[in-house]
Amino acid sequence: MPTSFEIFQALASGLLLGGVYAILGVGFGLCWGVMKVINLSHSTFALLAVYIAYWMNVSLKIDPLVSLFVSTPLFFVCGIVIYRLLIGPLAKRAEELVAASMVLTFGLAILMENAMQWAWKPDPRVLNVSYTGKAFFISRVSIPYTAVIGFAIALVTTSCIYLFLKKTYLGMAVRAVWQNKEGAALCGVNIDRVSSITFGISLATAAAAGVCLSLIFSFNPSSHLGWLIYIFLVVIFGGVGSIPGVLLAGLLIGLITNISAVFIPNAWVNMILFGILATVLLLRPTGLLGQREAR
Amino acid sequence: MLEVHDLVVSYDSLQVLWGVSIQVPEDSFVSIIGSNGAGKTTLLRTISGLKKPESGSIVWNGMEISGMKPDEICGLGIIHVPEGRHIFPNMTVLENLKMGAYLPENRRRVNESLSYVFEKFPILAQRKSQYAGTMSGGEQQMLAIARALMSRPKLLMLDEPSLGLSPKMAANIFRQLESLSGEEGLSILLVSQEQTRALSLSDKAYVMENGRIMREAPGEDLLKDESVRKHYLGL
Ligand SMILES: Nc1ncnc2c1ncn2[C@@H]1O[C@H](COP(=O)(O)OP(=O)(O)OP(=O)(O)O)[C@@H](O)[C@H]1O
Ligand SMILES: [Mg+2]
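As they're listed, the protein sequences go chains X and L. Per this note's numbering, the very first residue in the first sequence carries number 1; after that it's consecutive. Per this note's numbering, the very first residue in the second sequence carries number 1001; after that it's consecutive.
Watch out, some of these pointers could steer you wrong.
Pairs of lysine to aspartate or glutamate residues, derived as EDC-like cross-links and limited to a Cα-Cα distance of at most 20 Å, are as follows [unchecked claim]:
1. Lys1052(L) to Asp123(X)
2. Lys1051(L) to Glu182(X)
3. Lys1051(L) to Glu96(X)
4. Lys1168(L) to Glu1183(L)
5. Lys181(X) to Glu1072(L)
6. Lys1154(L) to Asp1225(L)
7. Lys36(X) to Glu95(X)
8. Lys181(X) to Glu1095(L)
9. Lys167(X) to Glu1095(L)
10. Lys166(X) to Glu1178(L)
11. Lys1069(L) to Glu182(X)
Computed from the model, here is a short list of chain X residues facing chain L with C-beta under 8 Å [what the hints assert, rightly or not]:
12. Ser4
13. Ala173
14. Arg175
15. Ala176
16. Asn180
17. Ala185
18. Leu186
19. Gly188
20. Val189
Derived from the structure by calculation, the hints contain no laboratory data. Idealized CB from N, CA, C, for every residue including glycine.
Extracted from the complex, chain X is given alone in its bound form:
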């Protein structure tokens, strides 16, 4: 029988990990909702941000947190360029954008994976900083500094996105395009411009997520595939249209995986996770807080 100490430990680490899933899900869901683009390279971009953090740390001795200020703006610009060159033209031609975008972005993911393999070799890496492996204690429960930092970044990023969508005119236009593209165009919204900015923001959040991930996990050039499954899980669980829903789903999935791992063999954890997901979707097909369209 697991001790209460073990359970508290699982609670703490689950919550912290969940924050990182949430931030990945928020960016992915934004892109899916607004543009009907399922970006299978979302986690690959997060992984690229991990390698950028790693490379800057190893060769330039720069703290991964500082790399955040390089990769987020860089990825924002990247997103706009990728939208202008690839996604936008595809959106104009494709009949079924959801399917076509998956093919395109999967291709992009493979391309990036190969490039990372070439640049950093296939073997796993770990990022070591002064605070790696250090923890503080709340009674006997150990809380790693890296997890706390990752969680804080996740929380700040998702709050920024939420405020942007709710409080700014541009954010309102993003929601308008999401809910009714033609209606938005007739209000004077330039759909291409708003879509490219949305894609930029989505990739910028992937960069932030990547820096969190670099602090928590070891990684290799194909790590992004495993993360992608969790992204799908979080977004469908929380509801594509709902940022609070995705945030909640991320935290819950972090908690469920870590807590069930205390009670049952690791191999069974995913069974529990998918069992819960199936049940939620049967009861609420639009996800926990989903409205199908952005609220």
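Following the hints, put chain L with the ligands in place on chain X, whose structure we already have.
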């Protein structure tokens, strides 16, 4: 002033407009009547840039606008209240109205515009924070018109604004259109199945059939015309 010349529009290989020409003079009320599938919606969608024409020209105050994007055309003051409303269901009434004033020059006057539309549609002021998707059909239609007014239209194009509304709501919408048409610098181009009402408000009306303009006359003349009464008004 809007002038459409010889407009040809197709969906894939199906041609639906066969050389349509209409004019909407400044400060006028113009309507288009015609049976289902005549191409009225297609004509409005082409003017507002949602659909690209095969050929023909659309001229707004001397400037060729066919081929421009919907947001650019909106910026010229040609505002389209589409068939089916196209409001934003998961935004509040207030947010929907603010979206109407999205373009910078309209955004600067957003508060002024808000009090203007709230005066015209007091129900919207009461429902400011309600989600638009939860409003009744008639309320949503008012919201769609009010959102268009937030864009400061010079030409307001409405497609079936009374579709599916109770007679009382429909009468209300037409009363609003009548009072709007008196306003300085606002022209109205109306497509409606309530043909008697539409014709009686119109300075000029077009009868459209199978993608062609069949007749053009003052609304009152068409109201009196035997064949129009028989075919369209069911009298
Ligand atoms: N997206 C589309 N794809 C293919 N054909 C279309 C499309 N939209 C309209 N059509 C066809 O174009 C023709 C004109 O349609 P339109 O909607 O313009 O008619 P309408 O005069 O507005 O009719 P109603 O009074 O029923 O609204 C119809 O035959 C219709 O089937
Ligand atoms: Mg129609």
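Against the structure, the hints:
{"no.": "1", "hint": "Lys1052(L) to Asp123(X)", "verdict": "53 Å, violated"}
{"no.": "2", "hint": "Lys1051(L) to Glu182(X)", "verdict": "11 Å, holds"}
{"no.": "3", "hint": "Lys1051(L) to Glu96(X)", "verdict": "19 Å, holds"}
{"no.": "4", "hint": "Lys1168(L) to Glu1183(L)", "verdict": "24 Å, violated"}
{"no.": "5", "hint": "Lys181(X) to Glu1072(L)", "verdict": "15 Å, holds"}
{"no.": "6", "hint": "Lys1154(L) to Asp1225(L)", "verdict": "31 Å, violated"}
{"no.": "7", "hint": "Lys36(X) to Glu95(X)", "verdict": "12 Å, holds"}
{"no.": "8", "hint": "Lys181(X) to Glu1095(L)", "verdict": "16 Å, holds"}
{"no.": "9", "hint": "Lys167(X) to Glu1095(L)", "verdict": "10 Å, holds"}
{"no.": "10", "hint": "Lys166(X) to Glu1178(L)", "verdict": "36 Å, violated"}
{"no.": "11", "hint": "Lys1069(L) to Glu182(X)", "verdict": "11 Å, holds"}
{"no.": "12", "hint": "Ser4", "verdict": "43 Å, violated"}
{"no.": "13", "hint": "Ala173", "verdict": "6 Å, holds"}
{"no.": "14", "hint": "Arg175", "verdict": "6 Å, holds"}
{"no.": "15", "hint": "Ala176", "verdict": "5 Å, holds"}
{"no.": "16", "hint": "Asn180", "verdict": "5 Å, holds"}
{"no.": "17", "hint": "Ala185", "verdict": "4 Å, holds"}
{"no.": "18", "hint": "Leu186", "verdict": "5 Å, holds"}
{"no.": "19", "hint": "Gly188", "verdict": "4 Å, holds"}
{"no.": "20", "hint": "Val189", "verdict": "6 Å, holds"}
Consistency note: the structure conflicts with the earlier hints numbered 1, 4, 6, 10, 12.
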